[in-house]
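There are 2 protein chains.
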Amino acid sequence: MANAVEIVECVPNFSEGRRPAVVEAIAASMQGVAGAALLDVSLDADHNRCVLTLVGSPDAVAEAVFRGVRTAAGLIDMERHQGGHPRVGAADVIPFIPVRGLDMSRCVDLARRVGERIARELEIPVYLYGEAAALPERRSLGAIRKGQYEALKVEIGRPERRPDFGPPRLHPTAGATIVGARKPLLAYNVDLATEEKTLADAIARKVRTSSGGLPGIMAAGIEMKERRRVQVSMNLTDTDVTPVQVAFEAVRREAEARGVEVAESEIIGLVTLEALLDAVRHYLRMPGLKAEQVLEARLLALLLEERGGGAE
Amino acid sequence: MANAVEIVECVPNFSEGRRPAVVEAIAASMQGVAGAALLDVSLDADHNRCVLTLVGSPDAVAEAVFRGVRTAAGLIDMERHQGGHPRVGAADVIPFIPVRGLDMSRCVDLARRVGERIARELEIPVYLYGEAAALPERRSLGAIRKGQYEALKVEIGRPERRPDFGPPRLHPTAGATIVGARKPLLAYNVDLATEEKTLADAIARKVRTSSGGLPGIMAAGIEMKERRRVQVSMNLTDTDVTPVQVAFEAVRREAEARGVEVAESEIIGLVTLEALLDAVRHYLRMPGLKAEQVLEARLLALLLEERGGGAE
Numbered sequence: 004m005a006n007a008v009e010i011v012e013c014v015p016n017f018s019e020g021r022r023p024a025v026v027e028a029i030a031a032s033m034q035g036v037a038g039a040a041l042l043d044v045s046l047d048a049d050h051n052r053c054v055l056t057l058v059g060s061p062d063a064v065a066e067a068v069f070r071g072v073r074t075a076a077g078l079i080d081m082e083r084h085q086g087g088h089p090r091v092g093a094a095d096v097i098p099f100i101p102v103r104g105l106d107m108s109r110c111v112d113l114a115r116r117v118g119e120r121i122a123r124e125l126e127i128p129v130y131l132y133g134e135a136a137a138l139p140e141r142r143s144l145g146a147i148r149k150g151q152y153e154a155l156k157v158e159i160g161r162p163e164r165r166p167d168f169g170p171p172r173l174h175p176t177a178g179a180t181i182v183g184a185r186k187p188l189l190a191y192n193v194d195l196a197t198e199e200k201t202l203a204d205a206i207a208r209k210v211r212t213s214s215g216g217l218p219g220i221m222a223a224g225i226e227m228k229e230r231r232r233v234q235v236s237m238n239l240t241d242t243d244v245t246p247v248q249v250a251f252e253a254v255r256r257e258a259e260a261r262g263v264e265v266a267e268s269e270i271i272g273l274v275t276l277e278a279l280l281d282a283v284r285h286y287l288r289m290p291g292l293k294a295e296q297v298l299e300a301r302l303l304a305l306l307l308e309e310r311g312g313g314a315e
Numbered sequence: 004m005a006n007a008v009e010i011v012e013c014v015p016n017f018s019e020g021r022r023p024a025v026v027e028a029i030a031a032s033m034q035g036v037a038g039a040a041l042l043d044v045s046l047d048a049d050h051n052r053c054v055l056t057l058v059g060s061p062d063a064v065a066e067a068v069f070r071g072v073r074t075a076a077g078l079i080d081m082e083r084h085q086g087g088h089p090r091v092g093a094a095d096v097i098p099f100i101p102v103r104g105l106d107m108s109r110c111v112d113l114a115r116r117v118g119e120r121i122a123r124e125l126e127i128p129v130y131l132y133g134e135a136a137a138l139p140e141r142r143s144l145g146a147i148r149k150g151q152y153e154a155l156k157v158e159i160g161r162p163e164r165r166p167d168f169g170p171p172r173l174h175p176t177a178g179a180t181i182v183g184a185r186k187p188l189l190a191y192n193v194d195l196a197t198e199e200k201t202l203a204d205a206i207a208r209k210v211r212t213s214s215g216g217l218p219g220i221m222a223a224g225i226e227m228k229e230r231r232r233v234q235v236s237m238n239l240t241d242t243d244v245t246p247v248q249v250a251f252e253a254v255r256r257e258a259e260a261r262g263v264e265v266a267e268s269e270i271i272g273l274v275t276l277e278a279l280l281d282a283v284r285h286y287l288r289m290p291g292l293k294a295e296q297v298l299e300a301r302l303l304a305l306l307l308e309e310r311g312g313g314a315e
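If you're matching them up, the sequences are chains A and B in order. Letter 93 of the first sequence, counting from 1, is numbered 96 in my numbering, and no numbers are missing. Letter 155 of the second sequence, counting from 1, is numbered 158 in my numbering, and no numbers are missing.
Hints were generated in silico from the structure; no laboratory data involved. Hints may contain errors.
One copy or two, either will do: identical chains are not told apart, so a pair holds if it fits within one copy or between any two.
What the hints assert, rightly or not - Restricting the straight-line Cα-Cα distance to at most 20 Å, the calculated cross-link-like pairs of lysine to any residue (SDA-like) are:
{"no.": "1", "residue 1": "Lys293", "residue 2": "Leu42"}
{"no.": "2", "residue 1": "Lys293", "residue 2": "Glu267"}
{"no.": "3", "residue 1": "Lys293", "residue 2": "Val102"}
{"no.": "4", "residue 1": "Lys293", "residue 2": "Leu41"}
{"no.": "5", "residue 1": "Lys228", "residue 2": "Ile271"}
Turn these sequences into a full structure, and let the hints steer you where they fit.
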């Protein structure tokens, strides 16, 4: 009854947020791969961009996302694209994220394999980023996206802007694609029982990485007018290094030192089971707690195994 | 993207723990129902009994367990059965347990439906117990099992021992079956950083229901010789009333009042996601946390929906 099920998440960003039919077509093309599931689709008209959330077994997710890229290349014309978010292509950024049963190196392999396939079969130049970057200066998206689609079109032939896979020229409609691997991001907010925004600002500064706080925390103070309180709004970029309970306790400590209570906290969007188990292990002093003990996780593992989880 | 997925657990106990081939045949007959998964099989030769753990959508689990009962009725002869555990039939006890997306009343319905079907199709007399009991004195197993198979064979015709479904006589080989509904049980232990067993005993007495402690806790002190410490070993019978974190904090408080530290704690076997989410909600002051935010739970819901989850 062991289970070595591997679950990967992929959050492709496509340069379309205004034509729902196009987004639906991309989403539809990703479905029907056994072992992969499309959990969420969100569109942003201002950014003219959409973000899809796929999860499942590595091969199935890789196949599904490839199909989405192929569909997007046929329906999105970067020559006509405008929007508020930096972008270089129709399938702009494709991060693979380890969720369970696999480590970062598997996601790096997956990103490289999918990137190579996109370049070979679709003739779209591909850049590798994040943990999958082949060049250190390409770890961050900013460097790859410099000047966006319009500048890259001219500069792609230069040695420093050569893609990692594919031709040294943009695809005529789909532009370029950035594929990579990264850790899960957690959007996490802690509300304080006060309306003093300066307090939330001070605590955000105290805990965030950029001002000498904990590693893997971006934070800002926010006023929550309807709730009549302020919030320390955080992005946790590496919950292996700074788990959610460590962020919570740091904010609580700083708040209490200033005579303020934590009212409540919230996770925005999705969270991995592992991040929650880690909090339970900490508070209940339960180092031995395993995902395989969670009834729903066991059932999921069995269903994924039964389906084979391979691409069709 | 809403998900109203319903997951039920069923833990049928069969009167066979010595012939692995018989247990395998029962297990095999339960597999192959879309939407139900067999998570665990455990045999006890002394008790001559096995416990199987099925989970999935209600209809699928009901179908799978019915198939198991039918197989057991053909392979186990109660006239020849001996073992250390009280029993009245080949398929001795079948509890349905709500895991997610359904409440106890659905499990009660399920128990009655499966019980009625076992009686009708297999001609096995069925008793309803636990939350599904039709008579208050049948809420506990003890009353139904009084005198076990051997006594029930003689007494089943008496008004007070009449089955809830089926004929007032035992099945010639399969005896009777007890079907019901109950809350999940959680086997939960807290280790103390001491070798003083009297301390664990005292704390167990303080927290358990039977000596005036918290509701829904059975507890005993145990010596853990290899670990060189003592343990408060608990069964939590109603984690809605006394959740795992409340049991932990109660033991911790009692230990600290006696100058002893909690070393660690452990959950034995399976736990529902809901029980863990409840602990996270408590410690991180996160009342809004929902199962649907857990990536694995979302994936599971989608896979179960895709499969339809109905019986074949």
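Hint check:
Within a single copy, Lys293 and Leu42 get their C-alpha atoms only as close as 24 Å, which misses the 20 Å cut-off; across copies the closest is 15 Å, which meets it. Within a single copy, Lys293 and Glu267 get their C-alpha atoms only as close as 27 Å, which misses the 20 Å cut-off; across copies the closest is 15 Å, which meets it. In this homomeric assembly, Lys293 and Val102 come within 20 Å of each other (Cα to Cα) both inside a single copy, at 14 Å, and across copies, at 18 Å. Taking the shortest Cα distances, Lys293 and Leu41 sit within 20 Å of each other only across copies (19 Å), while inside one copy they are farther apart (26 Å).
Only within a single protomer do Lys228 and Ile271 lie at most 20 Å apart by alpha-carbon distance; the minimum there is 18 Å, versus 45 Å between protomers.
Going down the numbered hints, you'll see the structure goes against none, and every one checks out.
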